[in-house]
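Peer 1: As a plain string of letters, each chain reads:
2 protein chains.
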Amino acid sequence: MKTYLDCIPCLIRQALHAARMVSTDPALHTSVVRQVLRWAGDMDLRQPPPVMAQRIHRRLRTICLNDDPYRLAKQHQNRMALSLLSELEAKLVAAFDRLEMAVRLAIAGNVIDLGINGSVTEAELRQSVSRVLDESLVGDLEKFRKAVSKARSILYLADNAGEIVFDRLLVEQLGNERVTLAVRGFPILNDATSEDARAAGLHEIVEIIDNGSDAPGTLLEQCSAEFVRRFNQADLIVAKGQGNFETLSDEPRNIFFLFKVKCPVIANHTGLPLGTHVLGHGSFLPCSP
Amino acid sequence: MKTYLDCIPCLIRQALHAARMVSTDPALHTSVVRQVLRWAGDMDLRQPPPVMAQRIHRRLRTICLNDDPYRLAKQHQNRMALSLLSELEAKLVAAFDRLEMAVRLAIAGNVIDLGINGSVTEAELRQSVSRVLDESLVGDLEKFRKAVSKARSILYLADNAGEIVFDRLLVEQLGNERVTLAVRGFPILNDATSEDARAAGLHEIVEIIDNGSDAPGTLLEQCSAEFVRRFNQADLIVAKGQGNFETLSDEPRNIFFLFKVKCPVIANHTGLPLGTHVLGHGSFLPCSP
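Residue numbers (our numbering), protein chains in the order written: chain A, 10 to 298; chain B, 10 to 298.
Everything labelled a hint here was simulated from the structure, so no lab data went into it. One or more of the hints may lead you astray.
Here are some chain A residues the structure puts well away from chain B; computed CB gaps all over 12 Å [what the hints assert, rightly or not]:
1. D15
2. R29
3. T39
4. L46
5. L54
6. H212
7. N263
Straight-line alpha carbon distances no greater than 20 Å define the calculated DMTMM-like cross-link-like pairs of lysine to aspartate or glutamate that follow [as the list claims (entries may be wrong)]:
8. B:K271 <-> B:D15
9. A:K155 <-> A:D106
10. B:K11 <-> A:D106
11. A:K11 <-> B:E230
Estimated spans, in silico, between C-beta atoms of each pair [claimed, not checked]:
12. A:L74 <-> B:K159: 51 to 61 Å
13. B:R67 <-> A:D15: 22 to 32 Å
14. B:S40 <-> A:L283: 43 to 53 Å
15. B:P273 <-> A:P282: 42 to 52 Å
16. B:T33 <-> A:T71: 48 to 58 Å
17. B:T39 <-> A:H290: 48 to 58 Å
18. B:T39 <-> A:E230: 35 to 45 Å
19. B:R88 <-> A:N75: 51 to 61 Å
20. B:D51 <-> A:E230: 49 to 59 Å
21. A:R262 <-> B:T39: 52 to 62 Å
22. A:Q84 <-> B:F105: 58 to 68 Å
23. B:D51 <-> A:D15: 51 to 61 Å
Every residue, glycine too, gets a C-beta built ideally from N, C-alpha and C.
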């Protein structure tokens, strides 16, 4: 997906928010915003929004001499989600259709996001879980069920810390022995890395690989050769979150995108209302090739 | 008031919105946004936000070869407000305290804004009027009443088209013979010009002057010598709207600012919640010198 003009004010706002998170120095905030404005003035709009977000966060990490300024936030999100785990498991056990419930919970966990919403509280997360059956799930669950049953290998692209605890339940439903879980190669925002996958206990049930990149999405041209090989060989790819959707929506692979529509640009692009829970196959979504 | 870093994403968003209003050409939208990003990267943040807004709208007027792209919108807003006039007058006649009611109505009319909210519907305007007594009015009405009773000359700085119909009622309460109404010197956004003041019938009851400038606020250094003379000589100045507040809040004159807090930056700057109706004397507001 390209970067829409409407993404630009949002990227500037996110840069300011992130600059304030890594430093209390107003002069630094100003310098970061000015830098990002100049970059944005010359940016290639054919690239997806995570390209600019990656550039912004690389700069912030250099400035604050901290390669993972969101570490504490991620640890907090993992703990918050883990404290809900038994409740999530109970919901799953009680569900008539466990695959559907696992999909719904995995999407509900996608509210944990620092890029767009700033932060999510435990109360908001609990509310998202309690409403999980009331949300309209747009997409094709039966097509997904069929794709899952046929696939010998499934590559599961995680999105955020905290959310990855919710992903664990879906990974188990997909059959862990077929699943490889992929996380970001380096810290970026609150996106899940190997550390977060381990915090969620996923290393005990599934193979974990990283994609070799620090983009808040999956920019294949930046990913490791090994990741790209796994990406191309997987029978089925499950891609979580808007970042993975924005970066992979034009890829002609067998990908199901699971995410919550969190911003007006994605709402416009997909033709789906803000807040929609999406389980969309590439061919279902309007942006697919 | 200076331009806060948080104003910048909003200025970019407003520029995009305005570019879409004056043209349907996506290439032009992109070129305007890129231009504004570059300006914003180098902008002097000590200046108030209307300085950048003025620059953006000057550029748009040149591009679309139209010196008043908001004319139709303003005419619509004037008609919408005029259709409520008899209702507003009835409210005023029935009021126990007519000055207070006129102040409340004048602030209620400040919801008509194209800069921040995009547009306001007649239903929203009616709602704003019907709730006029429920809104918390923060400021010092008694101080205002005293200042009005003492003043021999009052300069009333109008804000937007449509809103100026609401201003008419307050102008009448202030005593038209003492009041001079000042409007923008040239069209900018939906800000009121002489044409709008006449549409609201104000030319029949009060002297109208213009400030000689096309800023969406009052940048004294750009105003005509005659306007500045009137500004300096008036016993009391009534300044409507955020734009006048942003540009005059540091002026050491006897100014009462009447506006609705419409954005988080003004909320932070004044320490008042979003949506607050303000009748603030310079000395009351935290930003005053």
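Peer 1: Provide an ascending list of the numbers of those earlier hints which the structure does not satisfy.
Peer 2: 1, 2, 3, 4, 5, 10, 11, 14, 15, 16, 17, 18, 20, 21 and 23
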